[in-house]
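Undergrad: Listed below are the residues making up each chain.
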Amino acid sequence: MMLDQDRFFPADPTTRSIARRLYKEIAELPLVCPHGHTNPAWFATNEKFTDPAELLVTPDHYILRMLVSLGIDHAMLGVATKDGAPTNIDGRQIWRLVAENFYLFRSTPVRHWMDHTLETLFGIDAPLTASNADKSYDTIAEALQTDAFRPRALYDRFNIEVIATTDSCLDDLQHHATVKDSAWKGRVIPTYRPDCVTDPDSPGFLQSLAALGDLTGEDTFTWQGLLGAHRKRRKLFIEFGATATDHGHPTALTCDLSPSECKALFADICTGRATSEQKEQFRGQMLTEMARMSLEDGLVMQLHVGSVRNHSTEIFKRFGPDMGFDIPSRVNFVHALRPLLNAHGHDPRLSLIVFTLDESVYGRELAPLAAAYPCLRLGPAWWFFDSPDGMRRYREITTETAGYYNTAGFNDDTRALPSIPARHDLARRIDCAFLARQVAEARLGEDEAAEVIVELSYHLAKRAYRLGENP
Amino acid sequence: MMLDQDRFFPADPTTRSIARRLYKEIAELPLVCPHGHTNPAWFATNEKFTDPAELLVTPDHYILRMLVSLGIDHAMLGVATKDGAPTNIDGRQIWRLVAENFYLFRSTPVRHWMDHTLETLFGIDAPLTASNADKSYDTIAEALQTDAFRPRALYDRFNIEVIATTDSCLDDLQHHATVKDSAWKGRVIPTYRPDCVTDPDSPGFLQSLAALGDLTGEDTFTWQGLLGAHRKRRKLFIEFGATATDHGHPTALTCDLSPSECKALFADICTGRATSEQKEQFRGQMLTEMARMSLEDGLVMQLHVGSVRNHSTEIFKRFGPDMGFDIPSRVNFVHALRPLLNAHGHDPRLSLIVFTLDESVYGRELAPLAAAYPCLRLGPAWWFFDSPDGMRRYREITTETAGYYNTAGFNDDTRALPSIPARHDLARRIDCAFLARQVAEARLGEDEAAEVIVELSYHLAKRAYRLGENP
Amino acid sequence: MMLDQDRFFPADPTTRSIARRLYKEIAELPLVCPHGHTNPAWFATNEKFTDPAELLVTPDHYILRMLVSLGIDHAMLGVATKDGAPTNIDGRQIWRLVAENFYLFRSTPVRHWMDHTLETLFGIDAPLTASNADKSYDTIAEALQTDAFRPRALYDRFNIEVIATTDSCLDDLQHHATVKDSAWKGRVIPTYRPDCVTDPDSPGFLQSLAALGDLTGEDTFTWQGLLGAHRKRRKLFIEFGATATDHGHPTALTCDLSPSECKALFADICTGRATSEQKEQFRGQMLTEMARMSLEDGLVMQLHVGSVRNHSTEIFKRFGPDMGFDIPSRVNFVHALRPLLNAHGHDPRLSLIVFTLDESVYGRELAPLAAAYPCLRLGPAWWFFDSPDGMRRYREITTETAGYYNTAGFNDDTRALPSIPARHDLARRIDCAFLARQVAEARLGEDEAAEVIVELSYHLAKRAYRLGENP
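Residue numbers (my numbering), protein chains in the order written: chain A, 170 to 640; chain B, 170 to 640; chain C, 170 to 640.
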């Protein structure tokens with residue numbers, strides 16, 4: 170057994186025993202996965218995964234960046250180069266490289282997720298090292314050949330109740346259609362992600378606008394046509410089960426311009442020669458437009474901000490985006506969200522879930538805002554911070570101002586399907602540990618903590634994302 | 170018993186027993202309340218409080234904002250609308266609404282304060298719920314009819330040694346006069362708050378300036394007249410026992426302009442058409458002028474910054490200020506305070522107590538500044554942060570740089586008279602817990618910790634606010 | 170015994186016993202001191218220290234600022250005034266003043282360092298107080314008269330393996346030469362600190378440029394000459410054992426201008442009338458130039474940013490720099506480092522160690538950057554933050570993103586030779602405490618933690634600073 174039954178619980182015996190009891194309340198609850206990046210094709214085709222490295226290493230930017238930071242090249246880890254320069258495609262060799270260097274991940278979440286995945290999925294009972302690399306590679310490769318490791322089987326085995334993918338607003342949703350039409354009972358729903366047409370800095374922005382027009386029959390180079398096209402696409406996503414939109418912006422700026430200002434701004438945007446300031450304004454205006462559409466169609470908004478994408482030009486040129494070189498930066502929500510909040514912040518139809526990579530705003534900005542505006546909910550600790558201490562700090566800093574009920578539960582935010590149970594389990598344990606301390610210090614009754622842990626593990630996510638009913 | 174005798178103490182048995190011993194040293198010490206917002210009329214007229222909701226719910230913006238954030242309207246909670254639209258005035262109904270939703274406050278300070286108030290003042294021994302709402306309402310309403318719950322009786326029962334109110338510099342201090350002239354021995358003193366005439370953005374600024382002139386016989390539309398008027402008003406406040414001024418500014422900017430620049434700036438301010446920059450400069454200059462007057466008359470300065478007031482325009486329009494929609498924002502002290510500190514930072518006559526809502530400045534700015542300049546003291550964790558974890562973080566982050574003796578002790582900062590003992594008790598317990606960890610980890614001797622806890626609970630506040638003698 | 174054998178370890182018995190076992194692994198390891206400010210003359214001349222106050226008080230800005238902040242003048246503590254006004258030069262009187270006020274340092278690192286120094290070096294077994302001041306003064310003064318307290322003897326006794334001083338790039342390194350030529354085996358190496366000629370705001374900048382020319386025979390008022398001069402000086406430092414450069418800049422800005430832009434910029438700098446923006450750009454360009462030279466000669470770069478120097482004009486005028494009035498301020502690394510990182514961030518020859526005084530960047534900026542770029546390492550918690558809780562926060566916030574192996578080990582950064590063992594011991598204990606919690610919560614195996622603690626205490630510093638071999 171590599172996994173201690175009390176892992177992540179405080180060492181103090183009294184507190185630990187409370188944490189254990191709380192954990193028992195929720196250990197068997199289904200997983201609600203309202204935000205993530207799994208590939209819907211997996212669930213549509215239900216094909217077997219093949220190579221352990223391809224499944225567990227190459228697509229994981231957490232693993233890539235750590236190894237790169239200690240001097241191992243992306244190409245050695247199987248990442249395809251953009252210019253076709255040779256890359257390591259030997260899965261076993263990649264696996265060995267990771268195993269030899271796996272000590273680098275000590276005390277990081279990758280280590281915790283991997284241990285959990287190896288033991289619970291593949292019965293491997295020791296942390297990855299150079300000496301056990303070949304054996305674990307074989308064990309995993311063999312397992313992947315069985316039906317029990319097909320995507321739908323994993324979904325069922327993981328006790329997932331619902332999983333949302335993240336999909337371009339231009340996506341044809343064919344995989345979601347396949348799943349929907351199948352006899353399989355899994356609930357795989359899309360999320361409406363329109364960044365390619367709301368952010369003028371996204372690559373191919375004007376082509377994306379044109380494509381949006383083609384898909385909807387709207388003239389998306391006019392302001393009204395653009396809004397109409399979004400309405401149609403959102404409707405389609407809702408038909409396939411979507412309950413949310415997702416917006417990844419450099420800043421949290423929102424705007425609330427008059428219709429004529431919007432038209433004039435969009436005309437400049439369409440020229441492809443807008444200023445940085447105009448682009449920022451357009452992104453901000455589109456957030457408010459998305460909020461307005463949410464009043465009509467009920468989609469929950471998610472806003473993720475503060476990542477400086479592709480910080481290393483060299484890595485971006487050689488390998489493209491999502492290679493571990495997105496770096497957080499300082500953000501401001503107080504002034505930035507005000508236009509949207511002043512327009513619709515008290516409308517009970519709006520639900521806006523906000524995520525940050527700048528922990529200094531938890532206590533100063535996000536908790537106070539969420540503890541005032543009815544529309545706002547705090548998204549969970551995210552990306553660099555969905556780690557034991559990161560999630561603990563999130564609770565310690567936000568709870569005393571915003572309580573538990575202004576938070577949106579956990580989401581795993583991952584493209585790594587096998588790690589989903591590990592991530593939920595870790596989050597649940599950290600919440601148990603947090604609540605156990607509350608109980609041990611007589612800040613909350615244990616009966617109340619038992620109610621709260623069920624909320625944090627299950628109900629809050631369902632409510633925040635309006636997932637109550639399978640449509 | 171709802172209140173555990175070890176509440177807020179660490180669970181580790183060794184540490185907990187140290188905390189208990191430290192707490193015994195200070196549990197009976199009088200309460201020093203050098204900064205707060207109780208109504209002096211209470212102590213002057215000594216009339217009974219009437220309705221439980223009116224006393225414990227409606228004026229409390231902590232309670233309002235949390236309930237509003239989960240979808241309950243201010244009007245349902247008894248808050249009067251500005252346009253006279255109907256509002257809930259049935260105290261029992263309001264109390265029930267709070268009780269039904271009281272689980273929302275789990276692990277927030279409101280919960281801790283309310284539990285303490287209910288048990289110690291009214292003998293109620295379970296947290297508020299829908300099912301006990303009517304009973305607790307009756308219990309409280311009945312108690313309020315007795316003399317033991319009149320304001321002066323509460324003051325005496327709470328073992329308050331001194332309580333400062335916060336008063337506009339235009340206030341006639343009649344209630345303070347009444348208290349002073351009475352046979353009652355309570356010490357209720359005013360605090361000089363001149364924001365209405367130092368902040369050109371405060372509503373009715375020019376009228377306030379005129380009123381200041383009427384009260385003092387000075388021409389307050391001239392620079393010298395303005396300063397002279399402040400001097401006279403400060404003198405009056407001192408006669409009524411004031412030992413401090415209080416300044417609530419959007420930023421910590423201070424300025425140190427020449428007299429001719431001041432005159433020119435003030436002339437522009439008086440036109441009512443000054444720029445934002447000029448207004449900011451005027452606020453900054455007035456802080457330095459107040460510091461200079463403090464050198465003469467000995468009033469301790471308090472500076473509270475970083476709140477974006479009335480963030481929701483809708484709430485402000487319907488209900489006015491102080492409705493839970495003041496949101497912190499990022500602040501900077503290092504450059505902002507420099508002009509004032511360079512002018513008077515080493516003058517032993519000056520005492521400047523600084524408060525922040527941006528925790529990221531504790532370690533980076535305020536502790537280093539307070540650990541260098543003789544005039545500076547750190548105010549306690551404030552507003553959103555006078556909570557168990559908020560106060561713990563304050564000690565953990567500031568102590569190693571600034572020590573204990575550059576801090577200003579606790580103040581309750583509240584308008585909620587019944588909660589005052591709860592707030593002091595919570596702060597004292599968190600300090601006991603912090604010190605107990607210091608002792609348990611051999612970072613401080615227990616005899617020393619016993620000295621320190623008395624300082625933190627009692628002497629530091631008296632010294633920082635120059636309350637040593639009852640004039 | 171004043172020093173508890175379990176000091177700084179968590180109170181929980183299980184965790185504490187793990188911490189003890191880990192500590193045993195490293196308690197006897199040699200001290201690696203790759204960054205500090207001891208005086209090389211001490212090791213060259215090996216003369217006895219004389220006065221306890223002169224050794225332990227007057228040069229220590231941590232002690233000065235705390236006492237000043239509570240109202241004691243620098244002059245009372247023996248600091249020489251710039252205008253020759255009288256200063257206290259009676260060591261015993263200074264020592265008494267410190268002792269009387271030593272309670273002010275409770276729970277600060279000065280207290281911990283002093284206790285450790287007094288007990289382990291001088292056999293004094295109680296914290297400094299007014300009543301034991303004379304006795305401890307005599308004990309120390311007497312010890313300083315013996316050969317066992319000469320600088321080289323202390324170096325040997327402290328089990329120092331290597332100590333780096335920090336030296337102006339204009340320094341003649343004569344003391345290092347003396348040490349090198351001596352029979353003594355101590356390894357005292359210089360560090361190349363070129364701020365006087367890379368920062369146009371440093372006092373006497375143009376004279377320093379001229380001096381650099383004189384030393385190297387280069388025309389240092391031309392861009393090529395300037396670069397050539399640096400290359401020659403760096404070469405000389407390397408000959409005396411240097412493995413690193415050190416850069417103390419107000420911000421982390423780096424630039425990567427074209428050669429012609431560099432020439433034009435430097436021409437303006439040389440006029441002495443450059444704008445603030447040009448000066449900032451020049452500092453930023455010089456960092457990138459230094460990085461380029463490091464590719465050639467292998468010197469490790471250190472970058473310390475975010476200190477507002479000499480915040481109090483009065484103190485600077487009366488006593489000069491380094492008087493405890495350097496105050497941290499907000500910094501940004503993400504955008505600032507990008508030009509340098511884009512130029513050379515993936516070059517395996519570059520090693521850049523970054524330090525911050527703004528803790529809010531640990532998690533948001535520095536850990537993510539260090540966990541991506543091969544050249545970057547996190548310097549340890551620094552200056553205001555090399556304290557028990559400061560170092561704990563550093564590990565808690567950086568480890569989950571950057572792991573242990575992207576950090577640069579500990580350095581004591583001190584000019585206080587007697588306190589060096591105390592500082593290393595404190596850092597090692599805090600790391601033991603951190604790792605013990607990891608083990609107790611089953612986040613890391615104890616065997617792994619035992620490996621990690623050796624890395625943190627010894628190997629990481631050697632590797633990060635390329636100190637592997639004594640040249």
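Hint data in this document are derived by calculation from the structure and do not stem from the laboratory. One or more of the hints may lead you astray.
Simulated restraints on C-beta separations [said to hold, decoys possible]:
{"#": "1", "chain 1": "A", "residue 1": "Phe-485", "chain 2": "C", "residue 2": "Glu-446", "range": "27 to 35 Å"}
{"#": "2", "chain 1": "A", "residue 1": "Thr-420", "chain 2": "B", "residue 2": "Gln-262", "range": "39 to 47 Å"}
{"#": "3", "chain 1": "B", "residue 1": "Thr-444", "chain 2": "C", "residue 2": "Arg-632", "range": "55 to 63 Å"}
{"#": "4", "chain 1": "C", "residue 1": "Arg-632", "chain 2": "A", "residue 2": "Phe-485", "range": "25 to 33 Å"}
{"#": "5", "chain 1": "C", "residue 1": "Asp-173", "chain 2": "B", "residue 2": "Leu-198", "range": "41 to 49 Å"}
{"#": "6", "chain 1": "C", "residue 1": "Ser-445", "chain 2": "A", "residue 2": "Gly-373", "range": "49 to 57 Å"}
{"#": "7", "chain 1": "A", "residue 1": "Gly-467", "chain 2": "B", "residue 2": "Ala-322", "range": "18 to 26 Å"}
{"#": "8", "chain 1": "A", "residue 1": "Pro-517", "chain 2": "B", "residue 2": "Leu-198", "range": "24 to 32 Å"}
{"#": "9", "chain 1": "B", "residue 1": "Gln-262", "chain 2": "C", "residue 2": "Asp-173", "range": "55 to 63 Å"}
{"#": "10", "chain 1": "B", "residue 1": "Glu-269", "chain 2": "A", "residue 2": "Asp-466", "range": "48 to 56 Å"}
{"#": "11", "chain 1": "B", "residue 1": "Ala-299", "chain 2": "A", "residue 2": "Asp-516", "range": "57 to 65 Å"}
Over the 12 Å line for every Cβ pair with chain A, so calculated as not near, a few chain C residues [what the hints assert, rightly or not]:
{"#": "12", "residue": "Glu-223"}
{"#": "13", "residue": "Val-503"}
{"#": "14", "residue": "Ser-529"}
{"#": "15", "residue": "Cys-544"}
{"#": "16", "residue": "Ala-618"}
These numbers were taken from a predicted model, which means no experiment stands behind them. Positions of the beta carbon are idealized from the N, C-alpha and C atoms, including for glycine.
Undergrad: Checking a non-interface call: every C-beta of chain A should be farther than 12 Å from the C-beta of Ser-529(C). Is that right?
TA: Label violated. Min Cβ-Cβ 4 Å, cutoff 12 Å.
Undergrad: For the range 48 to 56 Å, tell me whether the beta carbons of Glu-269(B) and Asp-466(A) fit it or not.
TA: Given about 31 Å between the Cβ atoms, the range is violated.
Undergrad: Could you say whether the range 57 to 65 Å given as a hint is met by the Cβ separation of Ala-299(B) and Asp-516(A)?
TA: 27 Å Cβ-Cβ, so the 57 to 65 Å window is violated.
Undergrad: Per the hint of 41 to 49 Å, is the separation of the Cβ atoms of Asp-173(C) and Leu-198(B) within bounds?
TA: violated, 29 Å
Undergrad: Assuming the hint says 55 to 63 Å, is it satisfied by the Cβ distance from Thr-444(B) to Arg-632(C) or not?
TA: Given range 55 to 63 Å: holds, Cβ gap about 56 Å.
Undergrad: Could you see if the CB distance from Phe-485(A) to Glu-446(C) stays within 27 to 35 Å?
TA: holds, 29 Å
Undergrad: Is the claim that Glu-223(C) lies outside the interface with chain A correct, judged by CB distances over 12 Å?
TA: Answer for Glu-223(C): holds, closest chain A Cβ roughly 42 Å.
Undergrad: Minimum Cβ separation between Cys-544(C) and chain A greater than 12 Å?
TA: violated, 9 Å
Undergrad: Examine each Cβ of chain A, and state whether all of them lie more than 12 Å from the Cβ of Val-503(C).
TA: Given a closest Cβ separation of 5 Å, the condition is violated.
Undergrad: Range hint 25 to 33 Å: satisfied by the CB atoms of Arg-632(C) and Phe-485(A)?
TA: Roughly 29 Å apart at Cβ, these two residues keep to the hinted range, so it holds.
Undergrad: Taking the CB of Pro-517(A) and the CB of Leu-198(B), does the distance hold inside 24 to 32 Å?
TA: violated, 48 Å
Undergrad: Range hint 18 to 26 Å: satisfied by the CB atoms of Gly-467(A) and Ala-322(B)?
TA: Cβ of Gly-467(A) to Cβ of Ala-322(B): about 54 Å, so the range 18 to 26 Å is violated.
Hints 5, 6, 7, 8, 10, 11, 13, 14, 15 and 16 from the list above are not met by this structure, while the remaining hints are.
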